[in-house]
Amino acid sequence: MKEIFLIAIPLLAAGAAFAWPGERTRPWLLPAAGGLHAMLALWLLVNPPVLAADAWFGFDPLARAVLPMVSLLFFVCSIYGVAYLQIRPERKNRIFVTALLVMLGLLSLALQAQNLGLLWVAAEATTLVTVPLLHFNGTARAFEASWKYLLIGGTGIALSLLGSFCLGYASLHSGGNGNLNFTALVAQGASLTRPWLITAWVLLLAGYGTKMGLAPMHTWKPDAYGEAPGMVGALLAGGTTTMAFVAILRVKQVVDAAGAGAMTERTLLAFGLFSMLVAALFLLGTPDFKRMLAYSSVEHMGILAVGAALGGAGIWAALFHVWTNGLTKGALFLSAGNIRRAAGAQTDDKVAGMAWRSPASARIFVVGILAVTAFPPFGVFFSELKIILATFQTNNTFAATAFLGCLLFAFFGMTRLVFAIVDGRPRAAARKTNERFPELPGIIVPPLLFLALSLWLGLATPSLLREAWTAAARLLIPTP
Amino acid sequence: MNGTMNLLIGLAMGLSLVALASSRLPSVIRAAAFQGMILGTLPLLLEETFHGLVVAVAIGTILVKGFIIPNLLRRALRAANIDREVEPLLGFVPSLLLGAAATIGAAALASELPLRPEHARSLLVPGAFATVVCGFILLIARTKAISQVCGYLILENGIYLFGLLLINTTPLLVEAGILLDLTVAVFVIGIIVDRIQREFDTLDTRKLNSLRE
Amino acid sequence: MTPGWLLLIAGVGLVTGIFSAFKSPRAWLAVTLVGAVAAFAAAVWMLASGAVWDWQPDFVIGGEMLHLQLDGISAFFLVLLSVLGGAGTLYSSEYWNDKNHPASAPPGRAWWNGLLLNMGFVLLCANGLHFLIVWEIFTVCAYFLVSLERQRREARAAGWLYLAASHVAMICLFAFFALLAARTGSWELGPMREHSGLASLFWLALVGFGIKAGIFPLHIWLPSAHANAPSHVSAIMSGMAIKMGIYGLVRFTGWLPAPDSAGWVVATLGVISAVLGVAFALGQHDLKRLLAYHSVENIGIILIGLGFAMIAASHGNPVWGQLALAGALLHVWNHGLFKALLFLGAGSVLHATGTREMSRLGGLWRAMPWTASLFALGATAITGLPPLNGFVSEWLIYLGLFDAVSAHGPAAYAAICAAVFLGVTGALALACFVKVCGVVFLGLPRGKIAEHVHECGWRMRLPMLVLGAACVAIGLAPILFWPALATAAATWQPALAGANILPSAPLVALGAFHLALAALVILAAIFLWRRVQCNGVSRAGTWDCGYAAPTPRMQYTAGSFAGIITGWFAWILRPEQHAHLPKEIFPARSDFAEHTPETVLESVIEPAGSLVMRVSAAVRRLQHGRVQSYIFYLLLGLAALAILAVMGGAK
Amino acid sequence: MTIALDIFLRLAVWLLLAPLLPGIINKVKAWVAGRRGPPVLQLYFDLAKLWRKGVVLSTAVSPMHILGPAMAWVAIIAAALLLPVGPAGASLSFRGDALLFVYLLAFARFCIALAALDTGSAFEGMGVAREVSYAVLAEAAIITALLTLCVQSGSVSLATMLAPSAGAGAALLAAGLFGVLLAENCRVPFDDPNTHLELTMIHEVMVLDHSGPPLAAILHGASLKLLIFAVLLTEAVLPLGKLSLLQAIGALVALVFVVAIVIGLVESLLARLAFRRVPLLLTTAFLFCLFALLVAWKGGMP
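Residue numbers (the numbering used here), protein chains in the order written: chain A, 1 to 480; chain B, 1 to 213; chain C, 1 to 651; chain D, 1 to 302.
None of these hints come from the bench; they were simulated from the model.
Take these hints with a grain of salt, some might be off.
Unchecked claim - Quick list of simulated restraints, FRET-style, between CB atoms: (1) Arg574(C) with Leu11(D): 46 to 56 Å; (2) Pro49(A) with Pro102(C): 36 to 46 Å; (3) Arg553(C) with Leu16(D): 44 to 54 Å; (4) His195(C) with Ala101(B): 40 to 50 Å; (5) Phe5(A) with Leu53(B): 27 to 37 Å; (6) Thr284(D) with Glu602(C): 47 to 57 Å; (7) Ala51(C) with Thr347(A): 58 to 68 Å; (8) Thr284(D) with Ala51(C): 50 to 60 Å.
Think of the CB as a built atom: it goes at the ideal place given N, C-alpha and C, for glycine as much as any other residue.
Could you put the whole structure together from the sequences, leaning on the hints where they help?
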């Protein structure tokens, strides 16, 4: 039962943070809890526990395949958080730190949930706890972003609840005893009532797809990512979306077991490609580099969906991509946050010449963009290549073509914007101040760590992780 | 038993249409609150024997959906001193027609889906779908933040209605989840409404579009 | 000392060069040169022995076992890489030194070594995944080198265009290698000619490698990248980086089966690239851009040879195919050598005058005799004139084409066209290089710029001398280089290995003739020079048909010089003319300017791009900030999902 | 040793006979115009005089101004050595020398053009521009002619290419090659070697600033080039291989003489073309060669 500590440690730390008196010392709780959490997660990765048959939550192969990534992401972000909160003493951090820790606990719960209902509760709670994180900056724009996030995310999560009910009813209608544990649902297999099953899939995919940010349910993403602090963006893009993706995978497992695999694959492929297309079109013209990261996230969610639609090899690659994308995005969000602070603006008509104003962050940002647009030897290259390989292996030539085309246009858009911001002459207003943004090690080392992790994942993917992904893929697609 | 339930569900469906047709915010809030109260009583009718937990759920639902949330909304309305007129993006008559169409559509859809014998004659499924769709219409067709919150409430009511299908079999965790989340959600929404008021001097969400491409 | 150890030394040298690039330029220079020499030695070893160096350590990168291989073809390209790399290294130590470019010189050195290292790895990799990795890293290194002068807007734009075009190539190669891996079940590369299902992959490779090589309609990135890069970078880009595209085509046409039409398409593209490349070159007034278009031309010549070799291979191994292949391969070397020489010369001009505009130069031979004569040597070589190396390779290709014609085979008609166009290309190139040499180095200085020029130092001169010497050596003694050529050609298709084509291409006789010609030319020149001195020389102004006050501005300009030919090609060059011609009896100030646009880029790619951007702008308007609509989108998504789920018989 | 002697003798013949041809042409022109004209050997006198004269060099020129003519002269001589003389064959012959022949002439053009541009004069720039531009079309024609000969003989060596009978396309090939001859040697209607209006000239304007021995080299080279083309034309058309040595040489000399006379007649009877018409005429010459190629192709089909 060590896995319960994955949930308990952050929640206890959150309680401690809420009660902690010292404004300057409180942020240190973040890396402390994050470090413990990460160590435990890695320990569990190496020594996976045996899952109790009827457990409500547990460190099963799928959790094992993704949870350590979320934990690592949080840990590195929390290191950044200490330095970040130190350079922003004007904002009270009690709620912020508490909410971050609660979020980690809820993510751990949701990723480990073995029950549809519990999964939903954790997902909903994550939505709520994100709100104070989003309006940490307290600006009008931040409130607007939080409002939209809450309304759209709330609607999405409501749909997923309705979907959960439908799935429950499908089970009930076919003679089940109302047990919403995934193992029980999978065991019911083809006996699940087909119309309810389809309704459930539609609603759950739309609901968790909203959380994940698949087009056209992605509309909250640019606002939220654009206004949230960099590290919150990183956690949303790497943590919350992963949770939603895992939820979709778990539901897909049930629906596949009921014999509607062709439908799940068709819908996931269509929504994945559509998301990539929408993201590519938005990326081509967006002038705001933080919103750009949001569209890039939409694109990568599309990639995950496409991967999930391609059977065992595709799911393996998608899990790989969860790791590479999450960690690479971490570097991007953190460095983008630095650049945003250094420049005081985030659109290309106001920001230029950041290679001079914040050289380290600008370089990390450029390298991160190349990494996330699948330049080798960073991890995303390898995971995307695996997905393309899977499309070809499953003879989805059209999907492969569309996939590659979208990657291309996304690349055009992103590099155009990034180089406009990094190079060029600083704008007149920025030139006048002529002071360099203090790039403390605390805000430079974490993104570098992310890049290093991304590099390491690609060049020397640990066999442990490969094995974990294989196990997860085998769990989801039992027949190869 | 089924007859009473269907009557109440029909009433709830009617209330969503009332919310769609209301031109003043307090009446929208009232419709949503009344709908919540009706739904709260339903679990009691479903069960032959009064299970303790079911009673607790019913009382909780009535309290939260019927009193606490509407009160919060009214407080926000008063505190913000908002113009009580509902400003529709889509007119009342079209909204109403859409709502009616949605109700018919929901009934048609429900008849397509196979039901257990004990639910076959109940209005639960069409009622749930119709309420969800009406909630969506309110969310999409109204500009004021409070009317959108009401839309969201009605949406949640529909889902709750659907959840009643499972109340016998699934552990009540799911229901508890709704109550908890709904409360917190609206609480947070309330805060935000408050903040929106301060920042933008209006509760008109049309003004909330500085984040755009 | 085995090839493996030599390659290790080369790798270590280049890697330590990356680290010493920032601290110590001298150490960088030393280790990089050692690396280049070691790589050269390894490549020559393999070419001389004809063996294959194959190394499969128990070492996994990115999930695949490392597999390096140096066979005839890769060694052949590695020779060129090491020569150009070494020359460029020495050249840049003066041309782009810390004093003149304090900000960009150290990273420039690091990227330079990265470029060389990764191009070397591309040649060595025998695993598709690793090939793709190093291919892409080399592209990125080249991007940072092209846009090294980041404060200049044109350099940044050129760099981005290069990166974008390369990414299109990358996407094609992504698909190519992924399909290859999917169909063969392994990332390992190697001969798989009997696997006929792979033939259609050739088209992906053609586009992917073709963009890199700068084949005509795909060349859009090339002129501006080569023009705006620092000159040693232009030299390696034009001399080697675009050859990596050729390497890819040669490699994979050799290893994989090709569709029947592949050779025809390659040859056609070759003809188009050759003729239009030189036509565009004639229209340029920017010295380096002009040279860049000549790269398109020469890639075309190489492709003509390669295309006919492919046609021959698909028709069962006639000797003419081998001639064409040998010509194409030798032209890879030759173009690398003389184009690098020309770019280094252009760099020297740019270094001395600060401008690439030919219309502001002139008469530079006085101040820069070394640069001028070495540039003239390179110009003679690139024009394909005897007795230099350019002629040898074109001669081999011509022989292949003529033999194809007299063989009366199915390729004969195509060979007729190709031969005639090759001749036309040669004549056009001659016109173009007469223009360049005449306008830049001869005549009188046109402006103030040309008055303060100085000759470059020995570290810039020596690389040019080495490259020039290589051009002369291949021209005068082609037979010495034949074994290397034969080894590479035999590696391409083992079926071609048996036949000896030397009887059909008497390189010994040609070499002897060239040697005699060179000797006689020198003798005659000395003789005439002495005769003139003996008869007595008097100096006077140029006779301008009685015009009393000639000024340097009255000299023929590059634009007027090329006017006749660019007129013939106006249908594709679409020159933009701005003229204020004299009208009245006492004419006012008048002027005339002509500019040749990047036709493919400006008339095809940019309109297509702006169309895409309009679509993007229209779509982006949907994200207008109104949350009601966002929920409506959500509902639409739900509806679409429902339709999609019910569709396809989900009963 | 014999080969050296052979080369030496041929070289002597080529060098000595070359300046005769312009003399014949001028005589014909004078005869048509009813004048007495300069002596046939006039060019020999001119060359001898120029060779002894001092040189006036422009202040702008580089050594290329002198080296260029020398290099061009050597290149033309080298081309001449590749050309076979009837059944006597060529002294130097190997596979592929036909292409070397073409490119040697191009090399000569390159050198002369650079030497001309060296003066920085607008007029010489103009001349060079015309020369190298029209050469593009001439090059296409001559490559096509070589392809024709290659198809007829199955060889890529001048000595064997020119041996067999020209076959059905002889007339076409002759017409085409004659056009190329006129263009490459700057005769009317492409150029007027006698005019002194600089704006209208090609070749003459390129050498405006040359004097003394370099000019002699240029003039002698030009005459040699004319002879080369005349011989090439003759041998491409006449089936010399079938004749005995004496007959062949007789026929060769006679036909070269005829070519010279025809050139003279053309120069007397035609006016120089406007420059914009020149490409048209050269394209026609190219098309003649191309049709000859097609005829030869059909004829050569097994």
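Structure-based check of all given hints:
Checked against the hint of 46 to 56 Å, the C-beta distance between Arg574(C) and Leu11(D) comes to roughly 50 Å, which is consistent with it. The hinted window of 36 to 46 Å between Pro49(A) and Pro102(C) is violated, with their beta carbons roughly 59 Å apart. For the pair Arg553(C) and Leu16(D), the beta carbons lie near 46 Å from each other, so the given range of 44 to 54 Å is met. Between His195(C) and Ala101(B) the beta carbon distance is about 60 Å. The supplied range of 40 to 50 Å is therefore violated.
Between Phe5(A) and Leu53(B) the C-beta distance comes to about 30 Å, which sits within the given range of 27 to 37 Å. With their beta carbons about 35 Å apart, Thr284(D) and Glu602(C) fall outside the hinted range of 47 to 57 Å. Hint check: Ala51(C) to Thr347(A), Cβ distance near 60 Å, so the stated range 58 to 68 Å holds. For Thr284(D) and Ala51(C), the hinted distance range of 50 to 60 Å is satisfied, since their beta carbons lie about 56 Å from each other.
Comparing the model with each earlier hint shows violations of hints 2, 4 and 6; every other hint is respected.
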